[in-house]
Amino acid sequence: MESASQPPDHGSIEQVLDAAFNRLTEALRVTEDQLRFGDLSEIANPPLARRWQQLRRVTGALRQQLEVDSGPLSLHRNVEGDLLRGLPGSGPHGDRKQLIRTNICRAREAARSVEEAIRYFCPPLCGEAEAIRYQIYQLESLTEGILHRGSKLDGRHLYLLVTEELCLGDILETTAAAIEGGASMVQLREKSLGSADFLQRAQQLREITAERGALLIINDRIEIARLCRADGVHLGQQDIAPHQAREILGPDAIIGLSTHNPQQASAAALAGADYIGVGPVFDTQTKKHRVAVGTNYIKEARQQCELPGYAIGHVDEETIDEVLTAGATRIAVCTGIIARPDPRGAAQFLHQKLVENASREVSDGHLR
Numbered sequence: 119m120e121s122a123s124q125p126p127d128h129g130s131i132e133q134v135l136d137a138a139f140n141r142l143t144e145a146l147r148v149t150e151d152q153l154r155f156g157d158l159s160e161i162a163n164p165p166l167a168r169r170w171q172q173l174r175r176v177t178g179a180l181r182q183q184l185e186v187d188s189g190p191l192s193l194h195r196n197v198e199g200d201l202l203r204g205l206p207g208s209g210p211h212g213d214r215k216q217l218i219r220t221n222i223c224r225a226r227e228a229a230r231s232v233e234e235a236i237r238y239f240c241p242p243l244c245g246e247a248e249a250i251r252y253q254i255y256q257l258e259s260l261t262e263g264i265l266h267r268g269s270k271l272d273g274r275h276l277y278l279l280v281t282e283e284l285c286l287g288d289i290l291e292t293t294a295a296a297i298e299g300g301a302s303m304v305q306l307r308e309k310s311l312g313s314a315d316f317l318q319r320a321q322q323l324r325e326i327t328a329e330r331g332a333l334l335i336i337n338d339r340i341e342i343a344r345l346c347r348a349d350g351v352h353l354g355q356q357d358i359a360p361h362q363a364r365e366i367l368g369p370d371a372i373i374g375l376s377t378h379n380p381q382q383a384s385a386a387a388l389a390g391a392d393y394i395g396v397g398p399v400f401d402t403q404t405k406k407h408r409v410a411v412g413t414n415y416i417k418e419a420r421q422q423c424e425l426p427g428y429a430i431g432h433v434d435e436e437t438i439d440e441v442l443t444a445g446a447t448r449i450a451v452c453t454g455i456i457a458r459p460d461p462r463g464a465a466q467f468l469h470q471k472l473v474e475n476a477s478r479e480v481s482d483g484h485l486r
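Residue numbers (my numbering): 119 to 486.
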């Protein structure tokens, strides 16, 4: 008989590893598939699905490394002898977002089980198992942010940028009219206003947007966003990082980030952004210092970034068809609405174009 001080035989540890690896890769696969094939209007996110897929493949490669010396772990599997096999499962999921959350939790727990078993069974590979666990933590945070804060952006495809110097009429009346025409997000962008005047303007727009169910985003000025209780802030590449802005504004704040190339788009999600600006697609009065990136970047950003992207830069009634053909499903518009004699009609026209495009995208299986 073995003494109580002796470690368990390798057979039991290999059973633990087999079960934990199975649970881990299964949970990763469920998460990946839900994000890859999920409901187009809510959770479909191929770039994010690819991140989970890459992690699943890294996990599979670690198992193969172990099996080089130990042989197939499945040889130690004992399904009939599993004493917990008959226990009831977790029950039905409330929705597909909950399904994703449940499987991420399952993956996290299984990753710890794998790591601790490897710590005993094959210590040299413990670091690789630990790295997988921390990647799950990181991807869980990213995915939860997209599921939680991203839900606030569902259905908000027309984003209005307002600045007084480019506004043909009264800025408050113009904003209200544009919202009535279909704009569901408003960004206040005032580079020349002092802090007191900026705050007053922001508070006025907060009242207008709140009454009409639109989101209010403040450009750059995090302190103004906090004081006027805006829904979030939009940052440039040279501003503080999105995750730092969220530390100031709180976990529910929507953080936007301007991007101008595929590398910036790819990095935006892990930096803590909730959506990106894609552009400037064409030369624009609000970005005179920046060269237009062209419509090809719309498609590139969509392929590279897990987040909703708003095509920006001289998007109006004349360029909207070209922008949509390039792959845009969301647009950010400034003079195309606020510099028009009828801002409500201008917004209504662009909103209808987006609605028609969304119908085609859904039928083609591409909307995000």
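To be clear, the hints were calculated from the coordinates, so they are not data collected in a lab. Idealized CB from N, CA, C, for every residue including glycine. Treat each hint with caution, since some may be false.
[To be verified] Dumping the calculated SDA-like pairs for lysine to any residue here, alpha-carbon to alpha-carbon at most 25 angstroms: (1) K270 <-> P459; (2) K270 <-> A314; (3) K270 <-> Q182; (4) K417 <-> Q470; (5) K215 <-> S188; (6) K309 <-> P459; (7) K215 <-> L265; (8) K215 <-> S302; (9) K215 <-> E325; (10) K215 <-> S269.
[Claimed, not checked] Label pairs and their in silico Cβ distance ranges: (11) F155 <-> V186: 30 to 36 angstroms; (12) A410 <-> A457: 46 to 52 angstroms; (13) A410 <-> A314: 33 to 39 angstroms.
Hints, one by one, checked against the model:
no.	hint	result
1	K270 <-> P459	violated (31 angstroms)
2	K270 <-> A314	violated (29 angstroms)
3	K270 <-> Q182	violated (42 angstroms)
4	K417 <-> Q470	holds (22 angstroms)
5	K215 <-> S188	violated (38 angstroms)
6	K309 <-> P459	holds (24 angstroms)
7	K215 <-> L265	holds (7 angstroms)
8	K215 <-> S302	holds (24 angstroms)
9	K215 <-> E325	violated (32 angstroms)
10	K215 <-> S269	holds (11 angstroms)
11	F155 <-> V186: 30 to 36 angstroms	holds (34 angstroms)
12	A410 <-> A457: 46 to 52 angstroms	violated (18 angstroms)
13	A410 <-> A314: 33 to 39 angstroms	holds (35 angstroms)
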